[in-house]
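Peer 1: Protein chains in written order, with the numbering used here: chain A, 1 to 367; chain B, 368 to 548; chain C, 549 to 741.
A few of these clues could be false.
Derived PhoX-like pairs: lysine-lysine, alpha-carbon spacing no greater than 25 Å straight-line [stated by the list, open to error]:
id : chain 1 : residue 1 : chain 2 : residue 2
1  : B       : LYS376    : B       : LYS447
2  : A       : LYS321    : C       : LYS704
3  : B       : LYS483    : C       : LYS566
4  : C       : LYS632    : B       : LYS525
5  : A       : LYS206    : C       : LYS632
6  : C       : LYS705    : B       : LYS531
7  : A       : LYS207    : C       : LYS598
8  : B       : LYS535    : C       : LYS709
9  : C       : LYS598    : B       : LYS483
10 : C       : LYS556    : A       : LYS207
11 : B       : LYS536    : C       : LYS705
12 : C       : LYS598    : A       : LYS208
13 : A       : LYS24     : B       : LYS447
14 : C       : LYS709    : B       : LYS447
15 : B       : LYS535    : C       : LYS705
16 : C       : LYS709    : B       : LYS524
17 : A       : LYS207    : C       : LYS632
18 : B       : LYS536    : C       : LYS704
19 : C       : LYS709    : A       : LYS225
20 : C       : LYS598    : A       : LYS206
21 : C       : LYS566    : C       : LYS588
22 : A       : LYS225    : C       : LYS556
These aren't lab readings, by the way, just hints derived from the structure by calculation.
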Amino acid sequence: MREKTTTLYLGPQHPGITGNMMVKLQVQGDTVVKAETHVGYLHRGFEKLMERRNWLQSFTIVCRICVPEPDPNEENYSRAVEEIEGREVPERAKYIRVMTLELARIATYLLWYGGQSGSAGLYTMGQWSVGDRNYILDLFEDLTGGRIYHMYIWPGGVRRDLPKGFKDKALRTMDYIEKRLDDYDKLLFENSIFQKRAKGVGIIDKKKAVEWGVVGPPLRGCGIKSDVRIDDPYEVYDKLDFEVPAMEGGDVWTRALIRRFEIRQSINLVRQALDKMPGGEYYNKIPNPHKWTIPAGDAFVKTESARGEFGYYMVSDGGNKPRRVHVKGPAYVHGVSLLENLLEGENIADVSFIMNSLGTCPPEIER
Amino acid sequence: MYNDKESQKIVDIIQNYARKHSLFILAYGTGCGAIEIPPTMTSRYDAERFGIRGSATPRQADVLLITGYLATKSLKRVIKVYEQMQDPKYVIGFGSCTINGGMYWDSYNTINVLDKYLPVDVYINGCMPRPEAVIAGFVKLQKLIQQGKADGWDIYKKNIDEYKANQKKIITNWVMPDFNF
Amino acid sequence: MSENKLNKEQLLLDLLKKKFILNESAVRRAKRVEVKVDPKEIIPVLLYAKENSRYISFAHMSCVDWIEDGEFEVVYILWNPEDKINLFVKTRISRDNGVLPNIDFIWRQANTYEREIREMFGIQFEGLVGRQEFILEDWEHMPPMRRDFDTAEFVKKTYFKRPGREDAKDVREFVQERTDEELPDFAKKYSRD
Ligand code: SF4
Numbered sequence: 001m002r003e004k005t006t007t008l009y010l011g012p013q014h015p016g017i018t019g020n021m022m023v024k025l026q027v028q029g030d031t032v033v034k035a036e037t038h039v040g041y042l043h044r045g046f047e048k049l050m051e052r053r054n055w056l057q058s059f060t061i062v063c064r065i066c067v068p069e070p071d072p073n074e075e076n077y078s079r080a081v082e083e084i085e086g087r088e089v090p091e092r093a094k095y096i097r098v099m100t101l102e103l104a105r106i107a108t109y110l111l112w113y114g115g116q117s118g119s120a121g122l123y124t125m126g127q128w129s130v131g132d133r134n135y136i137l138d139l140f141e142d143l144t145g146g147r148i149y150h151m152y153i154w155p156g157g158v159r160r161d162l163p164k165g166f167k168d169k170a171l172r173t174m175d176y177i178e179k180r181l182d183d184y185d186k187l188l189f190e191n192s193i194f195q196k197r198a199k200g201v202g203i204i205d206k207k208k209a210v211e212w213g214v215v216g217p218p219l220r221g222c223g224i225k226s227d228v229r230i231d232d233p234y235e236v237y238d239k240l241d242f243e244v245p246a247m248e249g250g251d252v253w254t255r256a257l258i259r260r261f262e263i264r265q266s267i268n269l270v271r272q273a274l275d276k277m278p279g280g281e282y283y284n285k286i287p288n289p290h291k292w293t294i295p296a297g298d299a300f301v302k303t304e305s306a307r308g309e310f311g312y313y314m315v316s317d318g319g320n321k322p323r324r325v326h327v328k329g330p331a332y333v334h335g336v337s338l339l340e341n342l343l344e345g346e347n348i349a350d351v352s353f354i355m356n357s358l359g360t361c362p363p364e365i366e367r
Numbered sequence: 368m369y370n371d372k373e374s375q376k377i378v379d380i381i382q383n384y385a386r387k388h389s390l391f392i393l394a395y396g397t398g399c400g401a402i403e404i405p406p407t408m409t410s411r412y413d414a415e416r417f418g419i420r421g422s423a424t425p426r427q428a429d430v431l432l433i434t435g436y437l438a439t440k441s442l443k444r445v446i447k448v449y450e451q452m453q454d455p456k457y458v459i460g461f462g463s464c465t466i467n468g469g470m471y472w473d474s475y476n477t478i479n480v481l482d483k484y485l486p487v488d489v490y491i492n493g494c495m496p497r498p499e500a501v502i503a504g505f506v507k508l509q510k511l512i513q514q515g516k517a518d519g520w521d522i523y524k525k526n527i528d529e530y531k532a533n534q535k536k537i538i539t540n541w542v543m544p545d546f547n548f
Numbered sequence: 549m550s551e552n553k554l555n556k557e558q559l560l561l562d563l564l565k566k567k568f569i570l571n572e573s574a575v576r577r578a579k580r581v582e583v584k585v586d587p588k589e590i591i592p593v594l595l596y597a598k599e600n601s602r603y604i605s606f607a608h609m610s611c612v613d614w615i616e617d618g619e620f621e622v623v624y625i626l627w628n629p630e631d632k633i634n635l636f637v638k639t640r641i642s643r644d645n646g647v648l649p650n651i652d653f654i655w656r657q658a659n660t661y662e663r664e665i666r667e668m669f670g671i672q673f674e675g676l677v678g679r680q681e682f683i684l685e686d687w688e689h690m691p692p693m694r695r696d697f698d699t700a701e702f703v704k705k706t707y708f709k710r711p712g713r714e715d716a717k718d719v720r721e722f723v724q725e726r727t728d729e730e731l732p733d734f735a736k737k738y739s740r741d
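The shape of chain A in the complex, shown without the other chains (with noise of 0.2 Å):
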């Protein structure tokens, strides 16, 4: 008997954690022959927007384009606005950001570890993890005065300086974080269902991976070393010690060893970089808002997210509004062709768990 083809729709509504997407999925048995993914669910036309507002409006709503991990947005928009109008920063102030980005870095980590986990079927670590994410919360909320979006990271520096008794307080969640750490490893990468589900599903060719623009843990997993932080190291992270693993293997298992190993070398940078955060200024003033115009020019500025390389590309026309800002995140190759790819061949219950692996994140796909 000749099996035959069937379609099935996965989405629009939340496949995983990731966000609103299609694949649709054409299936023999538990097999996927072919996928292909339908995205735009969630767009807002933030490019369009921008070219509405003015250079500190459009500050405000760039945070909104990735979800789950605002705070590369706000670094890179500042970047480019600094790089196209040369405009100095305070070294306090990069300080100030590294940690923050290492924050969002930890922040966003955590949440990756209930998707993968709930996308197994395991939900305990979900309770664990998205539980103690709060507590980096926390600190944001201590910081800027948001939980998720935090505006904090402007054009000039950074909004506000630490508060008082801030350091005690993120070392203090530093170290209890770390603490957690063993104990997710026992409940993730111990467990030998996610061993079995995680290894040998998902993987990448590493020749393709470079060729594909693939960034992140995806590429540091196919034992690819490529961080921006490294390649073309911004704010102060050519001042700091830290390290980038890369592995071989390109399946789901080893993107989630890179990840293991990735948030503990975050924690240390926060530290590092409260221990060797400078005095002095944190902000250098902009001028009014509504007169502010930015020299002609344009400027491709990157930034190491938890999922790989955000990108901006950002134009000015000298006058007091972007002419044009746009985002290129690390799931527009990851989430719509590379996707259709890998997950030829896989089982169906696997599809939601490789989307995660990527870290596929539809809004910022789609803007």
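Once you have looked at the hints, place chains B and C with the ligand on chain A.
Peer 2: Coordinates of chains B and C with the ligand only, in the frame set by chain A:
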């Protein structure tokens, strides 16, 4: 006996009491608000204390959570999901985007006022609402249910023509059945 | 010192200059090289960069609407993972009937970018396959990212507006009207009128 008005009242009270303590939500996680749902459901805020928990399909759900801006492409799916749900059903609008468009008020692809397209029982204010606010919103909904005032689904049935006209104004390519309760 | 640092960047530029007719070229800063070419030179330049100069990774592709000049500027950004340099290749085409060559046989994922640009700007790519609709659905108007598309006007025509928004007045009074909450004193003081 059940035709008796007095006893009908008592039955209603008991029914409403039961309903308000088991709210199965279907989070149509559109928009940014969806990121505050996992913290709300997990250990620190633990919404399950209030009988709030997720459900897998529209047929089992009581509450439809619209967690933020709705792109027109999503709106089409949300309407379909809403009409698949069983009566009584409630809608919670989440964040300022559902109330008046929020910061995307001038975006060509997002609707601005949700209650023109679907009957909303409770709005939760904020951009984005904190988990405490989400829980407060649910408690408000529970109160409304107990008082019998959360009757959005009834209003939707009665004013179906108006709602459909509004929906069709935006969704130009209407390929689904008109009304499938 | 700084000249030393920009060695690799300059080398690439010299190579490209020898091989192709460049309209403009510059080393913008460390790790950023920019060249401007005619549309018909796009494929040769990109192929050369990929095959001979190890710019094997396709980082980004973007489009800017210069409505004053009646032109679109399309930018291809490549990445060399060994030398760690970004190469910008820019080209300009006419706004009205500009056609660009399709490059998804060089880099498969360029297909995604091209589909988005086709949808958002209305630029046609020769021989581009893939679904016409990428992000938008049933869109019958002008491609939205063109500068002459006025989104505020469009919103006014299409969507409803909640009263209280149109004049940027203090919304707290409207809130008070609709709920039974009393406006606190400090809020009254800051009311706009
Ligand atoms: S109200 Fe704010 S947080 Fe909620 S969807 Fe809108 S912009 Fe996002």
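Peer 1: Give a verdict on every hint.
Peer 2: Here is how each hint holds up against the structure:
no. : hint                   : in the structure
1   : B:LYS376 with B:LYS447 : violated, 33 Å
2   : A:LYS321 with C:LYS704 : holds, 22 Å
3   : B:LYS483 with C:LYS566 : violated, 63 Å
4   : C:LYS632 with B:LYS525 : violated, 64 Å
5   : A:LYS206 with C:LYS632 : holds, 18 Å
6   : C:LYS705 with B:LYS531 : holds, 18 Å
7   : A:LYS207 with C:LYS598 : holds, 14 Å
8   : B:LYS535 with C:LYS709 : holds, 17 Å
9   : C:LYS598 with B:LYS483 : violated, 53 Å
10  : C:LYS556 with A:LYS207 : holds, 24 Å
11  : B:LYS536 with C:LYS705 : holds, 11 Å
12  : C:LYS598 with A:LYS208 : holds, 14 Å
13  : A:LYS24 with B:LYS447  : holds, 18 Å
14  : C:LYS709 with B:LYS447 : holds, 24 Å
15  : B:LYS535 with C:LYS705 : holds, 14 Å
16  : C:LYS709 with B:LYS524 : holds, 23 Å
17  : A:LYS207 with C:LYS632 : holds, 17 Å
18  : B:LYS536 with C:LYS704 : holds, 13 Å
19  : C:LYS709 with A:LYS225 : violated, 51 Å
20  : C:LYS598 with A:LYS206 : holds, 17 Å
21  : C:LYS566 with C:LYS588 : holds, 17 Å
22  : A:LYS225 with C:LYS556 : holds, 21 Å
Of the hints listed earlier, those the structure fails to meet are numbers 1, 3, 4, 9, 19, in rising order.
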